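Enquirer: Build out the structure end to end from the sequences listed, making use of the hints.
There are 2 protein chains.
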Amino acid sequence: MPASASPTRITVLSGGVGGARFLQGLLHWSAARVEAGGTPAEVTVVANTADDMWVHGLKVCPDLDTVMYTLGGGIDAERGWGRVDETWHAVEELKAYGVEPTWFGLGDRDLATHLVRTQMLEAGYPLSAVTEALCRRWQPGVRLLPMTDDRVETHVAVPDDQAPSGQRVVHFQEYWIRLQAAVPALAVVPVGVEDATPGPGVVEAIEGADLVLLPPSNPIVSVGTILGVPGLGEAVRRTPAPVVGLSPIVGGRHVRGMAQQLLEARGIPVSAAGVGLHYGARPAGHLDGWLVDERDAAEVAALEDGGIRAAAVPLMMTDPVATAAMVQAAVDLAAPRG
Amino acid sequence: MPASASPTRITVLSGGVGGARFLQGLLHWSAARVEAGGTPAEVTVVANTADDMWVHGLKVCPDLDTVMYTLGGGIDAERGWGRVDETWHAVEELKAYGVEPTWFGLGDRDLATHLVRTQMLEAGYPLSAVTEALCRRWQPGVRLLPMTDDRVETHVAVPDDQAPSGQRVVHFQEYWIRLQAAVPALAVVPVGVEDATPGPGVVEAIEGADLVLLPPSNPIVSVGTILGVPGLGEAVRRTPAPVVGLSPIVGGRHVRGMAQQLLEARGIPVSAAGVGLHYGARPAGHLDGWLVDERDAAEVAALEDGGIRAAAVPLMMTDPVATAAMVQAAVDLAAPRG
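So the sequences go chain by chain: A and B. Using my numbering, the letters of the first sequence map in sequence onto residues 17 to 354. Using my numbering, the letters of the second sequence map in sequence onto residues 17 to 354.
It should be emphasised that the hints constitute simulated quantities derived from the structure, not laboratory data. Please read all numbers here as calculations on a predicted model, not as lab measurements. Some hints could be false.
Example chain A residues on the side facing chain B (calculated, C-beta under 10 Å, incomplete) [stated by the list, open to error]: (1) Gly73; (2) Glu102; (3) His105; (4) Ala106; (5) Glu108; (6) Tyr113; (7) Gly114; (8) Val115; (9) Leu127; (10) Thr134; (11) Gln135; (12) Glu138; (13) Ala149; (14) Arg153; (15) Gly217.
Every residue, glycine too, gets a C-beta built ideally from N, C-alpha and C.
Expert: Right, dumping it as structure tokens:
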């Protein structure tokens, strides 16, 4: 792993809420470095698009939008997704029309983003160009790239007594929002991923980075899906940049989301070390370094045994200052002194 | 003109706001007849669809929606169009994205109607089937039929110093909303009308009616466009039912809208008689009877000279009771006693 004491070009593989909060911390870290006379980080975000869904004829990209709204100052910070000062009149009316799905939360302000995106997609622009256009308004302070311009949608098999096979398959959003991840995930399939190609600039952003970071996003349906895009996982395994990740599992539980359920579905131990070793040491795997929470300090040894440099630091993203300290720890782990 | 003292099957050719208010009066009139021991009217509305517009990827049908919302109890009564208790967050956001057109008012509640309609159209349903589906929610108390399932859009030529021809062509909605009908209409063209066919049930509703009514809607871009659909105007000229209209011009001015500007563009006198004679006496024209306002009583003679039975009554639709009296006057004119 080449040393990079002060990385400038930083590429982050991000999911939604957790990734967006991590990126806030990264930009805070960069701003602090600039204040101290250093150079600003040039951050490229490769975002998961497998949570995307066509709903009511509109293309909705939850992870891209969460990153864009969070960094652009439009997010509802408490909820973690969607727009601040949001109203829900259109979706109330869709329910009154009896139109399915009724469980998908489409705010009135948020709708505008999906209308612009859908119209541009239908005019022939790829998702990457649409995302760039939307970001011209939001100015998120990062270059935001969809992992792919191709359609990839994660589906989850869940138990269904009524089905002859005993199971049925639902869109990831339905598993997460309607079923609240409260039923077992029998299988998690990113439909279309094997035919997808990395979006424009994605491989270059990974290969040309000074540092690649895996934020504490969901290791199966967020980062895992990004790494599953043919050529993209390969770029992470081969990049000259160090690759450091942060555990979404703290004290044997996910901090937010439903990583736990999905790790169980894949037979992966629900622990900080379990996830780190699932990513694996480069070049066969995807990691050089892995940060675990202080509470999981005992797991550092297992990671080091697996060829992954590890350290235990506070991993709760309570605010941008705390998150910036996590970024610094990741930078330190990537380029150890001495 | 056959007598029809108590018409049951009443077919109305309607535009938006004026037509919808007239229909409220017609239903009020029908309810009063039921209270008096009579039969309810079976009202079919053939609505203008040439104001329709694709905007932000959505199919918007102003006249259909105004009739549906007005009779279904969802209208903003003061504004005359759109939904009551409406918010405008999506359209604010579209403006923030810099997406054109910014002048078209799309409320958040209203958006749901356009999302449902657009998705059904894109799934292959004709506009008539979509309208029927939307009306299942609104229960307007009339059978609401688009004049055609084909795309017809009225365009208006306006002066433009910058254009080599000295004029440019805008969608009717742009003329009406953005330009506020404040510039001369050099030409008014219902694009597509000559290739349109009447929607399902439209010709039958006209031929099978006991009475056909032309409410005080715009004689050029609302009723005029409906009559311009090949086969539909013919049905009005040939139906065994009497055809009676109500003047939108009172005292030499339109009561609401921009009939005046468009009549001038066509060289039609802006008067109650001018409009009645423009429709003309059947079978060459479209009318048996024409109601003018009391203020225009002096014009009755000119209409009678033109072969159109005419009467002067109060024509201001101030409330459903006043409008119901206009309906009764139209019924009386269709079937004169003795």
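Enquirer: Next step is simple, just say for each hint if it's right about the structure.
Expert: Cross-check of the supplied hints:
| no. | hint | verdict |
| --- | --- | --- |
| 1 | Gly73 | holds (4 Å) |
| 2 | Glu102 | holds (8 Å) |
| 3 | His105 | holds (4 Å) |
| 4 | Ala106 | holds (5 Å) |
| 5 | Glu108 | holds (8 Å) |
| 6 | Tyr113 | holds (5 Å) |
| 7 | Gly114 | holds (7 Å) |
| 8 | Val115 | holds (6 Å) |
| 9 | Leu127 | holds (5 Å) |
| 10 | Thr134 | holds (6 Å) |
| 11 | Gln135 | holds (4 Å) |
| 12 | Glu138 | holds (6 Å) |
| 13 | Ala149 | holds (8 Å) |
| 14 | Arg153 | holds (5 Å) |
| 15 | Gly217 | violated (23 Å) |
Hint 15 alone, counting from the list given before, is not met by this structure.
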